[in-house]
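Dock the two chains into a complex; use the hints.
These protein sequences, in sequence, are chains A and B. When we follow the numbering used here, the leftmost residue of the first sequence carries the number 381, and every step to the right adds one. When we follow the numbering used here, the leftmost residue of the second sequence carries the number -17, and every step to the right adds one.
Hints were generated in silico from the structure; no laboratory data involved. Beta carbons are placed, not taken as given, at the ideal position from N, Cα and C, and that holds for glycine. The reader is advised that the hints may include incorrect statements.
[Claimed, not checked] Heads up, incomplete: computed chain A residues facing chain B, CB under 10 Å, no partners named:
| hint | residue |
| --- | --- |
| 1 | I382 |
| 2 | G411 |
| 3 | L470 |
| 4 | S471 |
| 5 | D475 |
| 6 | Q481 |
| 7 | C488 |
| 8 | W538 |
| 9 | K539 |
| 10 | N556 |
| 11 | P557 |
| 12 | Q606 |
| 13 | T608 |
| 14 | K612 |
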Amino acid sequence: MINKKVANISEALQGVADNMTFMFGGFGLSGIPENAIAALVKRNIKGLTCISNNAGVDDFGLGLLLHQKQIKKMVSSYVGENDEFERQMLSGELDVELIPQGTLAERCRAAQAGFPAIYTPAGYGTEVAEGKETREFDGKMYVLEHAFKADFAFVKAWKGDAAGNLIFKGTARNFNPNMCGAAKITVVEVEELVPVGTLDPNQIHIPGIFVQRIFQGETYEKRIEQLTVRQKA
Amino acid sequence: MLDKNGIAKRIAKEVKDGYYVNLGIGIPTLVANFVRDDIEVEFQSENGVLGMGPFPFEGEEDADIINAGKQTITTLPGASFFDSATSFAMIRGQHVDLTILGAMEVSENGDIANWKIPGKMVKGMGGAMDLVASAENIIVAMMHTNRAGDSKLLKNCSLPLTGVGCVKKIVTNMAVIEVTTKGFKLLERAPGVSVEDIKKATEGHLIIEGDIPEMRI
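So that you can see chain B by itself, here it is in the shape it has in the complex (with noise of 0.2 Å):
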């Protein structure tokens, strides 16, 4: 079983030399660490940068250079700033070539939620309305259960979604999935994960062929 530093781990094996990227809030975000540094990466935040770098070393912090997560950060040589509708041509008109971001729930069909628990918690869908229906290759970085131990992967989503038939591929603590026309195909399974644990885990449909190598990371 990996942590969220393991995910972000092998998530970042799909990040290849040239890509602008885009990486949501939470586990997204720690891709950063683990992106080999063999390879030239740009990273878009939406609220107007392209390029961004590590967080400031104390004292130099600048309150107008942040990212979506509103946390202070730095720009690498060569960064840009821009506005929000420059930022939002970015992803709709499918110039950002990955887009990595958690998830409530994804149903075997690709739809998927994570911005409202309808009575309990209403935040808002921030950008990630406009990456999931834009982006052609959408990552979901997620637990494979949620707190109470219910599968996130399902056959349809039961909460309001963010976008349909939008995710490729996922990461979770337990396997690499790729959404196909015909469910959830089985890639890989984490170290110490038995095909028979992610059965149990999905409830969605499940496709496996053939056997089904451990995760490299």
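Next up, chain A with everything else stripped away, as it sits in the complex (with noise of 0.2 Å):
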């Protein structure tokens, strides 16, 4: 076995350093690296470009990095529910790029995977597409992306053990996956660090040959954004 495990969240981000090019897994702030980004803010390093499908809220998840001016460019698809986003973009202080979602996963995938670009569909004719390679497949037109190219990629799962194995639950799964692997080190924080062993091998999401670092992480608020219920009848 070979051991991914890491002592503390210092020990996790060593290495992260000013103008760096950071993924982050979640949706919405639904399975965000939560420890990693209350670290990142203590730090306060800067210059930071930071791919990631949505930009967290005014006060939780990146809306945290982007309080402190940390953030110099995001790469998202949607960014719809942060108020100190919308203003720094507006007054030209952060770049964004926006790009459709399902482009941004398999960007991630095509880094995890050893592509350097992949064709697809998505973005042909519109905006996305401008002064991108385009080109037909059996009379569909297709767009060329990139892989992305990130220093760090930092992923929160549910459970994991010291070999860097993973395991996600429900929809809080999203990015994470598609970004193990996909960045020069990738950082995992799981609710429960579990005894090597004890994770079924059948049942493993991510292999550990695509983790670096792995730790417990300390606490996890998950907030919920949009609370919906209904009422016993």
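Below, the structure is given as structure tokens:
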């Protein structure tokens, strides 16, 4: 067993620096690496390019990094829930690249899987495709989209072991598995770090080979963005 | 004239037994409430769930189980969770049978705009560009006119596009319209709405052939 376990968050973040490109798992606030974000806020490194489907809300998730103006550029598909984000974008302080959600996922997966680029039909004929190579296959037009290049991927899983094997829960899975191994260093935080040998190899979502560092998160707030319930009849 | 629930009710009739369906945010979400209960349909949400059920009972919500609108949901027996790349493989790979989404504008050749108003609203396209670029069967659910009373069914879209030549059918508060190579073909009119009313509210080329029946919902 190759040990990926690090002692603490400080060891997990070793090597992070200004002007790096980071990937963050999560959809809305679901499945975000809360502990890594909190630690990056404390370190106050600046000039970051962040690849993440969303940009958090004003006081949680990547919104915390935005609040301290640590982010130079966001690469996202949907950024609708964050006033500070909108303010920084409209004032020109923040560079924003909006890309289709499936393209975001596939640019991560391409980086993970060793493809330099992929062709997708998404965005053809729109401003997203401007300046990009296009090509026809079987009568349909596609846009060439390049694999991401990132320094760190910050991932949140439900359970993991010291070998780096991961299991995700519910829709908190989202982009997290696609980002594992898609950056130079993949840092995973888990709710439960379990002894090696206790996870069923048949049930592993991401094998440890895609993970460089793993640690158990201290606490998880797991904030719900849109609480919707029905009443019992 | 239909309200939002009326539009959703009419669209629900397009949902067939055995369909996998992706519902967008807004009116499309309401469609799930009106699908016949004697057919088997599975709802996909692009954040990674197939087999979505109703909202949870109070106190039973789970932060790890949400839909693409970030609302807490439940799952039905037979449901599955998956990562975002797999989710869009279902969408791009045309495994999802029907996509229902909202729009700000649709043009007579089937272009759709629904993600950006330059200088005013820039929230992003989310999964909409992947959905419209790939789905074979796309129904747009929207009001026929905007708040200012201007037509949303246009010769050409004025807003930045989400996709080109992709919309097949539009259900509005006034009409059911098929997008053909020759323009908007009027199929049905909403209760209490005349063909003349629809003509006035449609800027793009409207094709009217024979008697136009009233919608049955």
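Here's how the hints hold up against the structure:
{"no.": "1", "hint": "I382", "result": "violated (24 Å)"}
{"no.": "2", "hint": "G411", "result": "holds (7 Å)"}
{"no.": "3", "hint": "L470", "result": "holds (8 Å)"}
{"no.": "4", "hint": "S471", "result": "violated (13 Å)"}
{"no.": "5", "hint": "D475", "result": "violated (13 Å)"}
{"no.": "6", "hint": "Q481", "result": "holds (4 Å)"}
{"no.": "7", "hint": "C488", "result": "holds (7 Å)"}
{"no.": "8", "hint": "W538", "result": "holds (8 Å)"}
{"no.": "9", "hint": "K539", "result": "violated (12 Å)"}
{"no.": "10", "hint": "N556", "result": "holds (7 Å)"}
{"no.": "11", "hint": "P557", "result": "holds (4 Å)"}
{"no.": "12", "hint": "Q606", "result": "holds (4 Å)"}
{"no.": "13", "hint": "T608", "result": "holds (4 Å)"}
{"no.": "14", "hint": "K612", "result": "holds (5 Å)"}
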